[in-house]
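Protein chains in written order, with my numbering: chain C, 2 to 115; chain W, 13 to 123.
Because the hints were derived from the structure by calculation, they are not lab data.
Just so it is clear, the structure is predicted and the values come from calculations on it, not from any experiment.
Each hint should be verified, as a subset may be incorrect.
Claimed, not checked - Have a look at the derived ranges for each label pair, beta carbon to beta carbon: (1) Val89/C with Asp106/W: 26 to 32 Å; (2) Val25/W with Pro9/C: 32 to 38 Å; (3) Glu38/W with Tyr11/C: 32 to 38 Å; (4) Asp106/W with Gly4/C: 24 to 30 Å; (5) Ile66/W with Ser29/C: 27 to 33 Å.
Ideal Cβ placement from N, Cα and C applies to all residues, glycine included.
One letter stands for each residue in the lines below.
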Amino acid sequence: DAGITQSPRYKITETGRQVTLMCHQTWSHSYMFWYRQDLGHGLRLIYYSAAADITDKGEVPDGYVVSRSKTENFPLTLESATRSQTSVYFCASSEWTGQSQPQHFGDGTRLSIL
Amino acid sequence: EDKVVQSPLSLVVHEGDTVTLNCSYEVTNFRSLLWYKQEKKAPTFLFMLTSSGIEKKSGRLSSILDKKELFSILNITATQTGDSAIYLCAVERDSNYQLIWGAGTKLIIKP
């Protein structure tokens, strides 16, 4: 049971570069989410997706792009990285059953932008 | 503005103690409240609460929701060093199924 996996686990890059964080889930969950976690801010939602080809902005979407061509994958791209995007990024997924379902998280990607 | 506030922000106790973590919320269109435990990596799901007054229990952990007073508590009895973690509370909104997260309570259990 692989669950939800993120790659890479760690990434160092430079300002202005494009970087893509990958997220893959094996549960066929409808919903997928991208969060960033920073000291003093807790978890903040960047983007989410209700199904393939359906994405929507969260609380802090500026500077990020997402796509969801397949149910199982939800990559997050920083088109031109800035130092303020240094953070730990978590991907999560949840089922859609018509009732509340918990989100399940990947192990995160620690991204440092120099 | 919707918000979720956890208290205390940090807590240090000794093994065997009982702790109570608090989560209060002001969220329009409340749907559910969730508790997560975060050690070094991913937050892991503990409880989901949707109804007032019904205790959820798992081993030494339990949680209850009060929808009238807009808060939840997470109790941990007979604490162990493995309980050391950040405990996160989140509230789901009915309107868009997004979670509003609290800042977390950092719990340290001393042997």
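Hint check results:
With their beta carbons about 29 Å apart, Val89/C and Asp106/W fall inside the hinted range of 26 to 32 Å. Checking the proposed 32 to 38 Å range against Val25/W and Pro9/C shows it holds: the Cβ atoms sit about 37 Å from each other. Checked against the hint of 32 to 38 Å, the C-beta distance between Glu38/W and Tyr11/C comes to roughly 37 Å, which is consistent with it. A hinted range of 24 to 30 Å holds for the C-beta pair Asp106/W and Gly4/C, which are about 27 Å apart.
Here the CB-CB span from Ile66/W to Ser29/C is close to 30 Å, well matched to the stated 27 to 33 Å.
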